[in-house]
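There are 2 protein chains.
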Amino acid sequence: MPYTAPFAEQRFVLDVIADLPGLAALPQYANATPDMVDAILSESAKLASNVFAPLNPIGDKTHAKLANRVVTLPPGFADAYRLYIEGGWAGLGVAESHGGQGLPFAVAVAVQEQLTSANMAFALCMMLSQGAIEALAVHASPDLQDRYLAKLVSGEWTGTMNLTEPGAGSDVGALKTRAEPAPDGSYRIKGTKIYITWGEHDAAENIVHLVLARLPDAPPGIKGISLFICPKFRPDGSRNDLVCTGLEHKLGIHASPTCTMSFGDNDNCTGYLVGAEGAGMRAMFTMMNNARVQVGLQGVAIAEAATQHAVHFARQRVQSAKFGAGRDPVRIIDHADVRRTLMTCRALTEATRALVYLNASAVDRSHAGDVAGTGLADFLTPISKAWATDTGVEVASLALQVFGGMGYVEETGAAQFLRDARIAPIYEGTNGIQALDLVGRKLGLDGGAHWQELFAQIRDTIGDLTAHADLKTIAPWLDDALAATQAATIWMTGANNPDDIAAGATPFLRMMGLTLGGWLLAKQALTAAAYLASGNGDPAFLTAKITTARFYAEQILPQVAALSGPVTRGAALLYAIPEADLAA
Amino acid sequence: MPYTAPFAEQRFVLDVIADLPGLAALPQYANATPDMVDAILSESAKLASNVFAPLNPIGDKTHAKLANRVVTLPPGFADAYRLYIEGGWAGLGVAESHGGQGLPFAVAVAVQEQLTSANMAFALCMMLSQGAIEALAVHASPDLQDRYLAKLVSGEWTGTMNLTEPGAGSDVGALKTRAEPAPDGSYRIKGTKIYITWGEHDAAENIVHLVLARLPDAPPGIKGISLFICPKFRPDGSRNDLVCTGLEHKLGIHASPTCTMSFGDNDNCTGYLVGAEGAGMRAMFTMMNNARVQVGLQGVAIAEAATQHAVHFARQRVQSAKFGAGRDPVRIIDHADVRRTLMTCRALTEATRALVYLNASAVDRSHAGDVAGTGLADFLTPISKAWATDTGVEVASLALQVFGGMGYVEETGAAQFLRDARIAPIYEGTNGIQALDLVGRKLGLDGGAHWQELFAQIRDTIGDLTAHADLKTIAPWLDDALAATQAATIWMTGANNPDDIAAGATPFLRMMGLTLGGWLLAKQALTAAAYLASGNGDPAFLTAKITTARFYAEQILPQVAALSGPVTRGAALLYAIPEADLAA
Chain H
1 MPYTAPFAEQ
11 RFVLDVIADL
21 PGLAALPQYA
31 NATPDMVDAI
41 LSESAKLASN
51 VFAPLNPIGD
61 KTHAKLANRV
71 VTLPPGFADA
81 YRLYIEGGWA
91 GLGVAESHGG
101 QGLPFAVAVA
111 VQEQLTSANM
121 AFALCMMLSQ
131 GAIEALAVHA
141 SPDLQDRYLA
151 KLVSGEWTGT
161 MNLTEPGAGS
171 DVGALKTRAE
181 PAPDGSYRIK
191 GTKIYITWGE
201 HDAAENIVHL
211 VLARLPDAPP
221 GIKGISLFIC
231 PKFRPDGSRN
241 DLVCTGLEHK
251 LGIHASPTCT
261 MSFGDNDNCT
271 GYLVGAEGAG
281 MRAMFTMMNN
291 ARVQVGLQGV
301 AIAEAATQHA
311 VHFARQRVQS
321 AKFGAGRDPV
331 RIIDHADVRR
341 TLMTCRALTE
351 ATRALVYLNA
361 SAVDRSHAGD
371 VAGTGLADFL
381 TPISKAWATD
391 TGVEVASLAL
401 QVFGGMGYVE
411 ETGAAQFLRD
421 ARIAPIYEGT
431 NGIQALDLVG
441 RKLGLDGGAH
451 WQELFAQIRD
461 TIGDLTAHAD
471 LKTIAPWLDD
481 ALAATQAATI
491 WMTGANNPDD
501 IAAGATPFLR
511 MMGLTLGGWL
521 LAKQALTAAA
531 YLASGNGDPA
541 FLTAKITTAR
551 FYAEQILPQV
561 AALSGPVTRG
571 AALLYAIPEA
581 DLAA
Chain R
1 MPYTAPFAEQ
11 RFVLDVIADL
21 PGLAALPQYA
31 NATPDMVDAI
41 LSESAKLASN
51 VFAPLNPIGD
61 KTHAKLANRV
71 VTLPPGFADA
81 YRLYIEGGWA
91 GLGVAESHGG
101 QGLPFAVAVA
111 VQEQLTSANM
121 AFALCMMLSQ
131 GAIEALAVHA
141 SPDLQDRYLA
151 KLVSGEWTGT
161 MNLTEPGAGS
171 DVGALKTRAE
181 PAPDGSYRIK
191 GTKIYITWGE
201 HDAAENIVHL
211 VLARLPDAPP
221 GIKGISLFIC
231 PKFRPDGSRN
241 DLVCTGLEHK
251 LGIHASPTCT
261 MSFGDNDNCT
271 GYLVGAEGAG
281 MRAMFTMMNN
291 ARVQVGLQGV
301 AIAEAATQHA
311 VHFARQRVQS
321 AKFGAGRDPV
331 RIIDHADVRR
341 TLMTCRALTE
351 ATRALVYLNA
361 SAVDRSHAGD
371 VAGTGLADFL
381 TPISKAWATD
391 TGVEVASLAL
401 QVFGGMGYVE
411 ETGAAQFLRD
421 ARIAPIYEGT
431 NGIQALDLVG
441 RKLGLDGGAH
451 WQELFAQIRD
461 TIGDLTAHAD
471 LKTIAPWLDD
481 ALAATQAATI
491 WMTGANNPDD
501 IAAGATPFLR
511 MMGLTLGGWL
521 LAKQALTAAA
531 YLASGNGDPA
541 FLTAKITTAR
551 FYAEQILPQV
561 AALSGPVTRG
571 AALLYAIPEA
581 DLAA
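Going down the list, the protein sequences come from chains H and R.
Counting with the UniProt record's numbering, you get residues 1 to 584 for the letters of the first sequence.
Counting with the UniProt record's numbering, you get residues 1 to 584 for the letters of the second sequence.
These are calculated hints, taken from the structure and not from any lab test.
Some hints could be false.
No copy labels: a pair is met if it fits in one copy or bridges any two.
To be verified - In silico BS3-like pairs for lysine-lysine, Cα to Cα no more than 27 Å straight-line:
#1 Lys-176 <-> Lys-322
#2 Lys-322 <-> Lys-223
#3 Lys-151 <-> Lys-176
#4 Lys-61 <-> Lys-46
#5 Lys-46 <-> Lys-151
#6 Lys-151 <-> Lys-65
#7 Lys-176 <-> Lys-223
#8 Lys-472 <-> Lys-223
#9 Lys-472 <-> Lys-151
Keep in mind the model is a prediction, meaning the values are calculated, not measured.
Construct the complete structure from the given sequences, taking the supplied hints into account.
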């Protein structure tokens, strides 16, 4: 299926929500001039549409394959990866001091969105490498940076994240992989890791595995975990003692090799300590926070691609007369029920995109030393990750439905979007974990400053809407959503029983996501109205922005209040049925 | 994954919601004594658990395969089908006058639920045959019945439904297959049909295709359609001129051969007219209404199986300490967030089951000549079909999430449930078509008598709840849901613009489903409380029934009011963005 980058939309959200002009005014993002960002997004759009998208169905059908411990990618992927390196895309968001182009993360995210819409399984490789770069840039010694960072930034090497073990999934602290100090200052790593995305493949010269392991005398739990680099090939060119022993057969992202990795089968896996002993989780969180925003982005990207695909189909497929309107068959886009589906897809896509871009922008402000930016980024991350990925699945399923029977057969590609999207609520911390992170850590961050600040900004937006002749009808919907979300937040921050808090976490995160999404669309509508009034920009695009914000307010925001009860009912009823009686 | 039939639950819903005692009091269902129904459901549970369930993952991996125009089922399926015939299951719900066992459809539905939970792709074969039996029993001449019905009722032959063509999906009236009268009184059929479920296979001696086609002089549209039997083998044993030319590669139900059927490639496909010329759609609707209830049932069945599977996993998997409770890892069923997910799955499964069983019971009353039963069955059918199938997908996805990463790899089977479930909102009329049927035809049926009667019954239940010391907390939730649904119904019946009605149809159907589900659970809670008070039945089961009703009321019913706005906003905004601007 062809993919067209939503260039105007991306630029608008970068400007209005991610405050790209504000970022570009900071010394470290001075490269992010409007012309430069335009040029970048136009070029990456070509890579996405012309190179990544055509490989998407091929990867889905062919899968990455393992034979004799070698992983072979589907045909065309290795060549496409070379084009990615040659374009310099791997270093886009990396500081110039590390050999990158020094552009904001928000811009890198816009590029990554395009690549992910076009081919999520492939773009995962790039995502993992970006996380590895981030972790090494922050935590590795200059010596390790010299040896590993440059090749990751050029894209010649790729990076991975090795956390999960069979008995340690959500509970990372339970991991058992061991690291023994060796006389030369390196370590010998031994253990098995599972679900390692792009853990082995044939498109890059070397793979830099970031591996969490325990020293012999390490304390139990998270504090005993250290981070190591285990390169596929050691600096002297010799093959390290690590191997892919299996690939998962998955629901989707078939082109992405999900590896079982065995380290040190011959007691000769060389690892290099990153940061201090016992500081592994801190380093891994650097990588993981970046990755969580990018997984949220996957939800946006699949929603965008699936929506495009469904709109394209609905404009061509002729079937049945309109409801109550004679016998002449029309294209299905003319049916009100299909139109509702497509508008829902569109509104949810734009709302989640705005949230993820705002989150990325906060990461940029954080990197520039803005403490409030750090707090905001931390606060938003679980919401971006969980709400955008749940929404990505929802939109992919709605889009599939537009195709009718043709959505269920694999030829159209609608089913692939749903299958690919379904991993995102699971990995990088399940959405349940994100919800607990939100209520357990993020709500109380800096004394609640971040949700208070966000709510104040939403109130400002409601004020602006109310004062606006054309947009005031949006205000009451957003006001109701804010009132319910605020009441739920106050309940959450006042609750004492951990079970009650945990019981409400998932619907609470959903309230937050839905409300923030509605706010960010309303903000865009206000800007669009101002641009229209001043004759600035494409009227069709700006008018559509306003319509989408209104649709979301009327049709989607009412869900927020319906979640108040579920958030605040407590846990008692959840445990009332003995577990043995929960199912036949 | 093992499957255990929810015997106590099924019996309870049959008694309390489907009014099995009332049905058994009717002469034609006199066989449905409690002992008989117990014996049947125990036996079918064994068939489901021991024969159908073990084949489910095999069918998913192996697929039905086409080679040289012969379809081969996955290993074990043909043998299992023989056991199904030998058990006499095919004739369970067929009148004794046609050689069946004369049991109510509601009982046949309970059996079919078990088989579908165990193996949806396989149970589809039985479902299609039951529809064919129904159509022939009502519309075929005694002569055709003599030749075709007995072997379908015994299960030796299977039946299919041939509506869809490449240009005629939801719009059945657009079909082009032709039927030419032949001198011997039969017809020559010519045309191509697609998406023909179980259109060709090797488990039965013969296949009875029910084919919609047009006579040469037929008027355009639905009125020109006639129904024909095209047997795979003619009465003289010769092979008819019809052939499977292709199988679809689908997201799920891989063991179910979805065929492209070509009739009359050599101008020699014999067809026999069923009913009058031009009366094909009436006959097909007989079959389709039965099938729509049974597709709704597929949603229930997958929800049940997926929930069992997730509960089983959650009771075993140890991961992480409880939120806010130290460091000792617990089984994930002890985490409040997982427990919420499982309770949601359970509540939705029970609510949809009650609705579908009520619908089946109304079909039985209709068959017994009860006009109000006919109207109720017609009214409920689109709600059962659409709401239960949407819910089946939702529950399968929630259940998958409980498995974390293990849900995304195919080995566990969690992903298969989601893939299989996803067809049900599409076939037998997409859920969008069901919503238009509800607002366009069913709301006005008999002057609105059926929704008025249902609302009156819900009000009675609210009264009973309010008067009940232990259950009165459920009443306000149900009252709010009823008030919103009633207001939306009145809006719908008063709206004049077809676009506005169509625009609200899908959320309106959802309101109806959610409210009816909550009502039926509340009714069961009232009965459970009465049984508990009188020491009648298993206290654990009855107490769990009450808990589930309460959970649904508190956690799920609030969604109803949130749909009021979406139902009544009208269509204007849906068409505000020019279609060319709907997606990039």
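Hint by hint, here is what the structure shows:
For a Cα distance limit of 27 Å, the shortest separation of Lys-176 from Lys-322 across copies, 21 Å, qualifies, whereas the shortest one inside one copy, 62 Å, does not. When the C-alpha separation of Lys-322 and Lys-223 is checked against a cutoff of 27 Å, the pair qualifies only between copies, where the shortest distance is 19 Å, while the shortest distance within a copy is 63 Å. Proximity of Lys-151 to Lys-176 under the C-alpha cut-off of 27 Å is found in neither arrangement, the shortest distances being 30 Å within a copy and 62 Å between copies. In this homomeric assembly, Lys-61 and Lys-46 come within 27 Å of each other (Cα to Cα) only inside a single copy, at 23 Å, whereas the closest approach across copies is 37 Å.
Taking the shortest alpha-carbon separations for Lys-46 and Lys-151, only the intra-copy value of 24 Å comes in at or below 27 Å, while the best inter-copy value is 61 Å. Within a single copy, Lys-151 and Lys-65 get their C-alpha atoms as close as 25 Å, which meets the 27 Å cut-off; across copies the closest is 48 Å, which misses it. For a Cα distance limit of 27 Å, the shortest separation of Lys-176 from Lys-223 inside one copy, 13 Å, qualifies, whereas the shortest one across copies, 71 Å, does not. In the homo-oligomer, the alpha carbons of Lys-472 and Lys-223 never lie at most 27 Å apart, since the shortest distance is 52 Å inside one protomer and 50 Å across protomers.
In this assembly of identical chains, Lys-472 and Lys-151 lie within 27 Å of each other by CA distance neither inside one copy nor across copies; the values are 53 Å within and 67 Å between.
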